[in-house]
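J.: Heads up: the protein sequence lines correspond to chains A and B, in order. Numbering of the first sequence is given in my numbering, commencing with residue 1 and proceeding in unit increments. Numbering of the second sequence is given in my numbering, commencing with residue 117 and proceeding in unit increments.
Heads up, a few of these hints could be off.
[As the list claims (entries may be wrong)] Selected chain B positions facing chain A (Cβ under 7 Å, derived; list incomplete):
id	residue
1	Tyr-126
2	Tyr-147
3	Glu-169
4	Pro-199
5	Thr-202
6	Leu-204
7	Gly-220
8	Pro-221
[Stated by the list, open to error] With a Cα cut of at most 20 Å, we get these calculated SDA-like pairs of lysine to any residue:
id	chain 1	residue 1	chain 2	residue 2
9	B	Lys-173	A	Lys-49
10	A	Lys-49	B	Pro-199
11	B	Lys-181	A	Ser-100
12	A	Lys-69	A	Gly-98
13	A	Lys-68	A	Leu-56
14	B	Lys-173	A	Tyr-101
15	A	Lys-58	B	Glu-216
16	B	Lys-173	A	Arg-22
17	B	Lys-173	A	Lys-68
18	A	Lys-49	B	Glu-216
19	B	Lys-173	A	Gly-97
20	B	Lys-173	B	Met-143
21	B	Lys-187	A	Gly-98
22	A	Lys-49	B	Tyr-180
23	B	Lys-187	A	Ala-1
24	A	Lys-58	B	Lys-181
25	B	Lys-134	B	Gly-211
26	B	Lys-187	A	Ser-100
27	B	Lys-173	A	Lys-58
28	B	Lys-173	B	Glu-186
29	B	Lys-134	B	Tyr-180
30	B	Lys-133	B	Gly-211
31	B	Lys-187	B	Gln-212
32	A	Lys-49	B	Thr-226
33	A	Lys-49	A	Arg-22
34	B	Lys-173	A	Ser-3
35	B	Lys-181	B	Arg-160
36	B	Lys-173	A	Leu-56
Hints are computed from structural coordinates only; laboratory data are not their basis. As the structure is a prediction and not an experimental result, all values here were calculated from the model. Even for Gly, the Cβ is constructed at its ideal location relative to N, Cα and C.
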Amino acid sequence: AQSVTQLGSHVSVSEGALVLLRCNYSSSVPPYLFWYVQYPNQGLQLLLKYTSAATLVKGINGFEAEFKKSETSFHLTKPSAHMSDAAEYFCAVRGFGGTSYGKLTFGQGTILTVHP
Amino acid sequence: EAQVTQNPRYLITVTGKKLTVTCSQNMNHEYMSWYRQDPGLGLRQIYYSMNVEVTDKGDVPEGYKVSRKEKRNFPLILESPSPNQTSLYFCASSGQGYYEQYFGPGTRLTVT
Numbered sequence: 001a002q003s004v005t006q007l008g009s010h011v012s013v014s015e016g017a018l019v020l021l022r023c024n025y026s027s028s029v030p031p032y033l034f035w036y037v038q039y040p041n042q043g044l045q046l047l048l049k050y051t052s053a054a055t056l057v058k059g060i061n062g063f064e065a066e067f068k069k070s071e072t073s074f075h076l077t078k079p080s081a082h083m084s085d086a087a088e089y090f091c092a093v094r095g096f097g098g099t100s101y102g103k104l105t106f107g108q109g110t111i112l113t114v115h116p
Numbered sequence: 117e118a119q120v121t122q123n124p125r126y127l128i129t130v131t132g133k134k135l136t137v138t139c140s141q142n143m144n145h146e147y148m149s150w151y152r153q154d155p156g157l158g159l160r161q162i163y164y165s166m167n168v169e170v171t172d173k174g175d176v177p178e179g180y181k182v183s184r185k186e187k188r189n190f191p192l193i194l195e196s197p198s199p200n201q202t203s204l205y206f207c208a209s210s211g212q213g214y215y216e217q218y219f220g221p222g223t224r225l226t227v228t
């Protein structure tokens, strides 16, 4: 079974500081990994995805993530935080095989707070 | 505009009164899913569907039913809702390829 663990349910940074949100996965097959963002009272929006093409993945709004197989990690980073980045972030892994291609397993989420 | 729609967006009901939350997508996607979101637990998949008439249980299917009679629609049915089903529900769809999922705006359900 696949699983995702997000380290830290809350992360607080100052505006302009580095954002680092941690995600570790467990998968018996090469994983497809995703980061989603949820702004208050909204649905989920895809930030970026890893599909085995390149280990460093660039997404929207200046975010990027690096896939590290040896560490089973897929951490999300942004060099300089903006107030508008305040949201909840979810890491997810896609299922494998048959109908499981439609299955996404999410981490518990990390709430990012940005201070002025 | 490509989108996933859900109705209603907000629903307050009483224990045992059957309800249906509708979900529709206009992207001709094969896969559709239902999730519930609870604080501290992230999103958990309830049911998913690979195509018309093909559905499978997710991680928390108890107390829910689904059907996929048309490709664009995937309703979630609670035949006898209970207070522990109070939650925020999301429908999602995805197509062939990398299967990234597109989410609806959510339905906030309260069962008293």
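J.: Is the straight-line distance between the alpha-carbon of Lys-173 (chain B) and that of Arg-22 (chain A) 20 Å or less?
T.: This hinted pair is violated, its Cα atoms lying about 29 Å apart.
J.: Given Glu-169 (chain B) was flagged as interface, is its beta-carbon under 7 Å from a beta-carbon of chain A?
T.: Not OK, violated: Glu-169 (chain B) not within 7 Å of chain A, min 12 Å.
J.: Verify the proposed pairing of Lys-49 (chain A) with Glu-216 (chain B), using a straight-line Cα cut of 20 Å.
T.: Between Lys-49 (chain A) and Glu-216 (chain B) the Cα gap is close to 8 Å, so the pair holds against 20 Å.
J.: Take the C-alpha atoms of Lys-173 (chain B) and Lys-68 (chain A), compute the straight-line distance between them, and say whether it is at most 20 Å.
T.: 31 Å, violated
J.: Going by Cβ atoms only, is Leu-204 (chain B) closer than 7 Å to chain A?
T.: Cβ of Leu-204 (chain B) sits 10 Å from chain A, so the hint is violated.
J.: Is the interface hint for Tyr-126 (chain B) satisfied, with its Cβ closer than 7 Å to some Cβ of chain A?
T.: 11 Å, violated
J.: Taken at face value, is the distance from the CA of Lys-181 (chain B) to the CA of Lys-58 (chain A) at most 20 Å?
T.: Status violated; Cα separation ~38 Å.
J.: Just to be careful, I want the Cα atoms of Lys-173 (chain B) and Ser-3 (chain A) compared with a cutoff of 20 Å; is the pair within it?
T.: Measuring from Cα to Cα gives roughly 17 Å; hence the hint holds.
J.: For a C-alpha distance cap of 20 Å, please report whether Lys-69 (chain A) and Gly-98 (chain A) respect it.
T.: 24 Å, violated
J.: Compare the distance between the alpha carbons of Lys-134 (chain B) and Tyr-180 (chain B) with 20 Å, and conclude whether the hinted pair is satisfied.
T.: 11 Å, holds
J.: Is the hinted pair Lys-173 (chain B) and Met-143 (chain B) satisfied, with a Cα-Cα distance of at most 20 Å?
T.: Given that 20 Å is the threshold and the Cα spacing comes to 23 Å, the pair is violated.
J.: For Lys-173 (chain B) and Glu-186 (chain B), compute the direct alpha-carbon distance and say whether it is at most 20 Å.
T.: Holds, at about 19 Å.
Hint violations for this structure: numbers 1, 3, 4, 5, 6, 9, 10, 12, 16, 17, 20, 22, 23, 24, 25, 27, 30, 32 and 36, all remaining hints satisfied.
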